[in-house]
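Engineer: In short: position in the sequence shown from 1, add 25, done, that's the working numbering.
Quick caveat, the hints were computed from the structure, so don't treat them as lab data.
The beta carbon of each residue, even a glycine, is placed where N, CA and C say it ideally should be.
Don't take each hint at face value.
Said to hold, decoys possible - Here are the simulated distance ranges between beta carbons:
id : residue 1 : residue 2 : range
1  : A31       : A115      : 33 to 41 angstroms
2  : P49       : R113      : 41 to 49 angstroms
3  : T34       : R116      : 36 to 44 angstroms
4  : H80       : S102      : 18 to 26 angstroms
5  : S102      : D37       : 19 to 27 angstroms
6  : P93       : R116      : 36 to 44 angstroms
7  : N32       : K74       : 21 to 29 angstroms
8  : G121      : G67       : 53 to 61 angstroms
Claimed, not checked - Mimicking DSBU-like on lysine-lysine, the simulated pairs with C-alpha atoms at most 30 angstroms apart in a straight line are:
id : residue 1 : residue 2
9  : K75       : K65
10 : K100      : K65
11 : K100      : K75
12 : K100      : K74
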Amino acid sequence: MAGGWANSTRRDRLPPNWRTELRPAADERNPERICHLCGKPGGDALDHKKPGDDHSPENLDWVHDAVPPHCHRFKSSAEGVAAQPRERRAREKHPGLL
Numbered sequence: 026m027a028g029g030w031a032n033s034t035r036r037d038r039l040p041p042n043w044r045t046e047l048r049p050a051a052d053e054r055n056p057e058r059i060c061h062l063c064g065k066p067g068g069d070a071l072d073h074k075k076p077g078d079d080h081s082p083e084n085l086d087w088v089h090d091a092v093p094p095h096c097h098r099f100k101s102s103a104e105g106v107a108a109q110p111r112e113r114r115a116r117e118k119h120p121g122l123l
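Required output: the full structure, derived from the provided sequences and hints.
Structural biologist: Here you go:
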C-alpha cells in the first residue's frame with residue numbers, strides 16, 4: 026500500500042456490506058457520480074461526507090480522488106490538519122523592545 030493507506034486501519038473498519046450494498050446504493054442515488062464537493066460529474070471514490078466511521082447511506086457520496094480536480098485529497102488534508110492539536114507558544118517580547 027502506498028500513501029496514507031500504508032498504516033491505516035480505515036479499510037478494516039468498513040462494514041462487510043461496503044462493496045455489496047453501500048457502494049451500489051450510492052450509484053443508484055447518484056448514477057453520474059456527481060462530486061458532493063464541487064458538483065461536477067465523474068467522482069471516482071465514495072466519501073464519508075462527515076469525518077468518522079458513520080457508514081449510513083446519507084453520509085456517503087461520490088467525490089473526485091484519483092481524477093482531477095482531486096477534491097477528496099484536499100478535503101482529507103484539511104481534515105487531517107484540523108485534527109492536529111494546536112499548541113500556542115507564549116508571546117515573547119521583541120528583543121529590540123525590551
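Engineer: The structure should be examined with respect to each hint, and the outcome stated for every one.
Structural biologist: Each hint tested on the structure:
Checked against the given bound of 33 to 41 angstroms, the beta carbons of A31 and A115, roughly 37 angstroms apart, stay inside it. Range check, P49 to R113: about 47 angstroms between beta-carbon atoms, so the 41 to 49 angstroms window is met. At roughly 39 angstroms, the beta carbons of T34 and R116 sit within the given window of 36 to 44 angstroms. The hint said 18 to 26 angstroms for the Cβ distance between H80 and S102, and at roughly 22 angstroms that hint holds.
A hinted range of 19 to 27 angstroms for the beta carbons of S102 and D37 is consistent with their spacing of about 22 angstroms. For P93 and R116, the hinted distance range of 36 to 44 angstroms is satisfied, since their beta carbons lie about 42 angstroms from each other. For N32 and K74, the hinted distance range of 21 to 29 angstroms is satisfied, since their beta carbons lie about 24 angstroms from each other. At about 56 angstroms, the CB distance of G121 to G67 agrees with the hint of 53 to 61 angstroms.
Distance check on the hinted pair: K75 and K65 sit about 19 angstroms apart at the alpha-carbon level, within 30 angstroms; holds. Straight-line distance between C-alpha atoms of K100 and K65 comes to about 16 angstroms, which keeps the hinted pair within the 30 angstroms bound. Under the criterion of a C-alpha separation no larger than 30 angstroms, the hint pairing K100 with K75 is consistent with the structure, at around 11 angstroms. Our distance criterion of 30 angstroms between C-alpha atoms is met by K100 and K74, whose separation comes to about 10 angstroms.
The structure agrees with every numbered hint stated previously.
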